[in-house]
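Residue numbers (numbering that gives the first Met the number 0), protein chains in the order written: chain A, 0 to 279; chain B, 0 to 279.
Careful: at least some of the hints might be erroneous.
Because identical chains cannot be distinguished in the list, a pair is counted as satisfied if it fits within a single copy or across any two copies.
[Said to hold, decoys possible] Computed list of lysine-lysine pairs in BS3-like fashion (alpha-carbon distance at most 27 Å, straight line):
1) Lys224 to Lys209
2) Lys209 to Lys252
3) Lys193 to Lys14
4) Lys110 to Lys7
5) Lys69 to Lys21
6) Lys113 to Lys79
By construction, these hints were calculated from the structure, which means they are not laboratory data.
Below, each chain spelled out in residue letters.
There are 2 protein chains.
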Amino acid sequence: MQTITDIKKMKSFIKEARKKGKTIGFVPTMGYLHSGHLSLVSAAKKSSDVVVVSIFVNPLQFGPKEDLKKYPRDLERDKKLLAPLGIDVIFSPTAEEMFPPDFSCYAEETKLSKGLCGKKRPGHFKGVITVVLKLFQIIKPDIAFFGAKDWQQQSIIRKKVKDFHLDVEINTLPTVREEDEVAMSSRNSYLSKKERKASRILYQTLCFIKEMAENDEKDIKKILKNAKKLLKSEPLFKLEYLEMVDPETLDPKDTADKPLVALIAGFIGKTRLIDNILIR
Amino acid sequence: MQTITDIKKMKSFIKEARKKGKTIGFVPTMGYLHSGHLSLVSAAKKSSDVVVVSIFVNPLQFGPKEDLKKYPRDLERDKKLLAPLGIDVIFSPTAEEMFPPDFSCYAEETKLSKGLCGKKRPGHFKGVITVVLKLFQIIKPDIAFFGAKDWQQQSIIRKKVKDFHLDVEINTLPTVREEDEVAMSSRNSYLSKKERKASRILYQTLCFIKEMAENDEKDIKKILKNAKKLLKSEPLFKLEYLEMVDPETLDPKDTADKPLVALIAGFIGKTRLIDNILIR
Numbered sequence: 000m001q002t003i004t005d006i007k008k009m010k011s012f013i014k015e016a017r018k019k020g021k022t023i024g025f026v027p028t029m030g031y032l033h034s035g036h037l038s039l040v041s042a043a044k045k046s047s048d049v050v051v052v053s054i055f056v057n058p059l060q061f062g063p064k065e066d067l068k069k070y071p072r073d074l075e076r077d078k079k080l081l082a083p084l085g086i087d088v089i090f091s092p093t094a095e096e097m098f099p100p101d102f103s104c105y106a107e108e109t110k111l112s113k114g115l116c117g118k119k120r121p122g123h124f125k126g127v128i129t130v131v132l133k134l135f136q137i138i139k140p141d142i143a144f145f146g147a148k149d150w151q152q153q154s155i156i157r158k159k160v161k162d163f164h165l166d167v168e169i170n171t172l173p174t175v176r177e178e179d180e181v182a183m184s185s186r187n188s189y190l191s192k193k194e195r196k197a198s199r200i201l202y203q204t205l206c207f208i209k210e211m212a213e214n215d216e217k218d219i220k221k222i223l224k225n226a227k228k229l230l231k232s233e234p235l236f237k238l239e240y241l242e243m244v245d246p247e248t249l250d251p252k253d254t255a256d257k258p259l260v261a262l263i264a265g266f267i268g269k270t271r272l273i274d275n276i277l278i279r
Numbered sequence: 000m001q002t003i004t005d006i007k008k009m010k011s012f013i014k015e016a017r018k019k020g021k022t023i024g025f026v027p028t029m030g031y032l033h034s035g036h037l038s039l040v041s042a043a044k045k046s047s048d049v050v051v052v053s054i055f056v057n058p059l060q061f062g063p064k065e066d067l068k069k070y071p072r073d074l075e076r077d078k079k080l081l082a083p084l085g086i087d088v089i090f091s092p093t094a095e096e097m098f099p100p101d102f103s104c105y106a107e108e109t110k111l112s113k114g115l116c117g118k119k120r121p122g123h124f125k126g127v128i129t130v131v132l133k134l135f136q137i138i139k140p141d142i143a144f145f146g147a148k149d150w151q152q153q154s155i156i157r158k159k160v161k162d163f164h165l166d167v168e169i170n171t172l173p174t175v176r177e178e179d180e181v182a183m184s185s186r187n188s189y190l191s192k193k194e195r196k197a198s199r200i201l202y203q204t205l206c207f208i209k210e211m212a213e214n215d216e217k218d219i220k221k222i223l224k225n226a227k228k229l230l231k232s233e234p235l236f237k238l239e240y241l242e243m244v245d246p247e248t249l250d251p252k253d254t255a256d257k258p259l260v261a262l263i264a265g266f267i268g269k270t271r272l273i274d275n276i277l278i279r
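So that you can see chain A by itself, here it is in the shape it has in the complex (with noise of 0.2 Å):
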């Protein structure tokens, strides 16, 4: 396992790797990994002959008032994780090698992007794709992977591989929970003990919902109008949005007869943390 820093040697190294006629697995994560991205690794080891895994705290798609500076990151700790996995090469370039100071090229996506977090989070997902497609260029993956926490952000980058006619497939697989079932987040070492607690209201939450849908309840309004009830039961959570959408276009919708996916945001204290559900 080699760690590559510069983006001319990452790219020679997958110029050979391709002569040889590898197939390429990638996994983008910002670092401080958990179980989620190991599985992520784990299912890239499996399908390809080359695994690269980047870790990049990515300062675009942090908004001026979010949690950049103090984003969780420990390079050597994520090195010692990833070691008995068998990937090829961690690829951590600095912020001055991905954004130089003339760098004025961004990647955009107008629709899917609108909503959600989209609409908390200005820039956040021009960011988030922007990024991604300059890893894409460098590491020119077969199969690159995502995790389903972030819906938003998969459906995005599979649109936009879809409208700029990438040649990876987008394989995103599902969260990966605690034993309490929260779902796993670099964001969550941020948790003080009761906080942590706390954040057990996402799930729930969506648990609920889905039961609701599930057992014959097709009124979203009136399922919503519940589970608000249900969030209220704990003080520390500060709702950001509850919303039940089409899976692929996120539109939102008013009857529960397709599948859906239910997704929620919000506030403990200051950490700001997502989860979602799927629904039939």
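Got chain A; can you put chain B on it based on the hints?
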């Protein structure tokens, strides 16, 4: 020479060519070809095993009040012009094929595209680099060919290739001119005989600027003041901009002590014309 209109078919043609180890040269055009385009095609033919010429009037790069509808189109004429050059594929997708109703991903450049034509044609370069990004992903050329007449365009495309780490070499070839030195342009077909004669003022002014600058006049303000006097001798020409800038960064300059490009844009009747000249 085959004509392909379908993106999937184009991609599978390229895949086959790549399998055989062929290099690919690409000339993106909006059709209604002239000798300028054909010089790009000849260069592509010399450099590459397989040559693809795209003919696509890109709706994204026209403003709402611009000439999208009346832009000259004649695929049969273009085929006849290309046939003797021995190219492999004309790629001529429909607007619906390139931009289906759910299309929502764009690329943009935020520095080089602000001035010059970008100031007068908001959205133009976003349209250009979005379509060129798409075409590059479909055709995956080793080399792509652009004309120096669209100097700002080739600068922005070079920047996109750098910022997005695309594996394509950009080759910019000199502007091809008519016998009276007017730059070749598909839009010249709009001009009446009188207007066509008046259009000589663009290049005459650029040559005047080049001569002043290369004959030791370093004060750009003074050069431009004199050049604008010359422009007034042609009453049919309505100036949009006349600038002297750094050829790569497109930053305006005060002193003509380094290589520069002088660029001009303006209207003759309803026809917008551009031209430029390199200085030292």
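Hints versus structure:
Proximity of Lys224 to Lys209 under the C-alpha cut-off of 27 Å is restricted to the intra-copy arrangement: shortest distance 14 Å within a copy versus 72 Å between copies. In this assembly of identical chains, the alpha carbons of Lys209 and Lys252 lie at most 27 Å apart only when taken from the same copy (14 Å versus 63 Å across copies). Taking the closest pair of Cα atoms, Lys193 and Lys14 never come within 27 Å of each other, the shortest separation being 50 Å inside a single copy and 56 Å across copies. Within a single copy, Lys110 and Lys7 get their C-alpha atoms only as close as 34 Å, which misses the 27 Å cut-off; across copies the closest is 24 Å, which meets it.
When the C-alpha separation of Lys69 and Lys21 is checked against a cutoff of 27 Å, the pair qualifies neither within a copy, at 38 Å, nor between copies, at 49 Å. With identical chains, the CA atoms of Lys113 and Lys79 are never at most 27 Å apart, being 38 Å at best within one copy and 46 Å at best between copies.
Hints 3, 5, 6, counting from the list given before, are not met by this structure.
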